[in-house]
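Just need the whole structure built from these sequences, with the hints factored in.
Line by line, the protein sequences are chains A and B.
Numbering-wise, the first sequence is residues 1 to 139 according to this note's numbering.
Numbering-wise, the second sequence is residues 1 to 204 according to this note's numbering.
Because the hints were derived from the structure by calculation, they are not lab data.
No incorrect hints appear here.
If you want the footprint, here are the derived chain A segments under chain B, 3+ residues with CB under 8 Å:
no., stretch
1, 63-75
2, 105-115
3, 128-136
Once the Cα atoms are required to be at most 25 Å apart in a straight line, the calculated SDA-like pairs of lysine to any residue come out as:
no., chain 1, residue 1, chain 2, residue 2
4, A, K55, B, K126
5, A, K74, B, Q45
6, A, K133, B, I133
7, A, K107, B, N91
8, A, K133, B, Q124
Ideal placement from N, C-alpha and C gives every residue a C-beta, glycine not left out.
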Amino acid sequence: MLAISNKLNLQHLFPSKVSIWKLRSNNPMRKSHSGNKINIEQFDGLIRITSEMSKYLYPYIRAIVSSKDNQINKPELWNDFQYRFIELIEERFNTESIIVKNLLNYKYSQEYYKKILLTLSLASSDEGYNRLKFVMANL
Amino acid sequence: MFQNKYSFNQSSTELVISGLPDYSNNDKKDNISIISSWKLSIINQPEIEGSIDHLRCVIRAFYKCAALSLLDREEKVESELINLNLDKSGNYRIILKSTKPNVKPLKLNIGYAEFSDIINCFDQLKNFNKIKIDFNELLPNIKKKSFFSFDINKFSNTIIPPFLALFTISIFTFISVYFYENKDSRNKNISIISNIPNIMIKIK
Numbered sequence: 001m002l003a004i005s006n007k008l009n010l011q012h013l014f015p016s017k018v019s020i021w022k023l024r025s026n027n028p029m030r031k032s033h034s035g036n037k038i039n040i041e042q043f044d045g046l047i048r049i050t051s052e053m054s055k056y057l058y059p060y061i062r063a064i065v066s067s068k069d070n071q072i073n074k075p076e077l078w079n080d081f082q083y084r085f086i087e088l089i090e091e092r093f094n095t096e097s098i099i100v101k102n103l104l105n106y107k108y109s110q111e112y113y114k115k116i117l118l119t120l121s122l123a124s125s126d127e128g129y130n131r132l133k134f135v136m137a138n139l
Numbered sequence: 001m002f003q004n005k006y007s008f009n010q011s012s013t014e015l016v017i018s019g020l021p022d023y024s025n026n027d028k029k030d031n032i033s034i035i036s037s038w039k040l041s042i043i044n045q046p047e048i049e050g051s052i053d054h055l056r057c058v059i060r061a062f063y064k065c066a067a068l069s070l071l072d073r074e075e076k077v078e079s080e081l082i083n084l085n086l087d088k089s090g091n092y093r094i095i096l097k098s099t100k101p102n103v104k105p106l107k108l109n110i111g112y113a114e115f116s117d118i119i120n121c122f123d124q125l126k127n128f129n130k131i132k133i134d135f136n137e138l139l140p141n142i143k144k145k146s147f148f149s150f151d152i153n154k155f156s157n158t159i160i161p162p163f164l165a166l167f168t169i170s171i172f173t174f175i176s177v178y179f180y181e182n183k184d185s186r187n188k189n190i191s192i193i194s195n196i197p198n199i200m201i202k203i204k
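Now the structure itself:
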């Protein structure tokens with residue numbers, strides 16, 4: 001993330017790994033949640049980084065989405081993704097929270113995981129930043 | 001005069017645009033301002049082609065559908081030339097209507113992966129400066145939902161279950177009260193006179 005932030009000339013917003021970690025701690029679902037305030041510039045910077053990262057990861061994202069689309073014939077990649085995603089949530093999120101418990105529920109959250117991947121795949125093009133920003137503004 | 005031809009690729013999808021420069025608009029030799037034909041090829045699907053109006057319509061529908069999907073809104077995208085909806089199995093159902101008479105609509109079913117490929121192709125086209133299409137009118141104009149906006153699904157999920165529960169409880173209460181009253185009145189109508197040696201039951 002830091003390398004991408006440097007590539008996008010966002011050093012003034014994210015000078016170190018710690019600064020990025022602090023911003024990630026704003027997520028109330030995380031175990032290490034802290035009430036730091038995030039300003040508009042940082043929020044915009046995070047959208048830029050997300051869009052840029054999804055560009056690099058697009059082949060993988062697409063392969064996982066494709067595996068989900070053909071779950072009967074090629075379920076392996078989707079199952080691996082799901083397993084790892086749940087593992088990371090358990091590791092880093094507050095599992096006592098009801099929202100997190102719902103996230104860990106395979107049947108309840110399957111569509112949600114798919115939506116996350118679709119969002120990332122649509123954020124991966126040159127228009128991805130604008131699209132992601134539009135969505136965040138209209139949520 | 002030679003036509004210019006450009007193609008945009010993304011994984012399973014290819015968009016090819018052919019056309020001519022508009023010299024009256026000071027276009028360069030390799031520009032396209034007048035689109036003569038376009039073709040969208042998706043692996044394992046029939047090719048889609050048409051006029052510039054079709055292309056505009058298709059791009060508008062896809063951009064709107066992408067925005068609605070990201071906002072998690074279940075609205076149908078319908079126009080004169082294309083219908084595009086997300087079905088319950090998680091696939092995009094496309095119905096392309098031909099302007100020619102006696103031509104049946106073309107129905108396609110694509111997954112999320114192909115959908116994002118198509119959107120990526122359109123994004124490449126949008127950012128390609130040699131083809132001049134006014135994208136401002138093609139971008140979705142989705143109004144933000146107001147706090148008081150009425151959502152029939154949310155309404156049915158939140159209001160109807162407790163209302164039904166109350167309704168059932170009240171019906172059961174009425175039924176039990178009715179039976180209780182009936183039993184009570186029947187007891188009142190029966191008097192037992194025990195002073196007489198032979199027990200006498202008097203029913204009114």
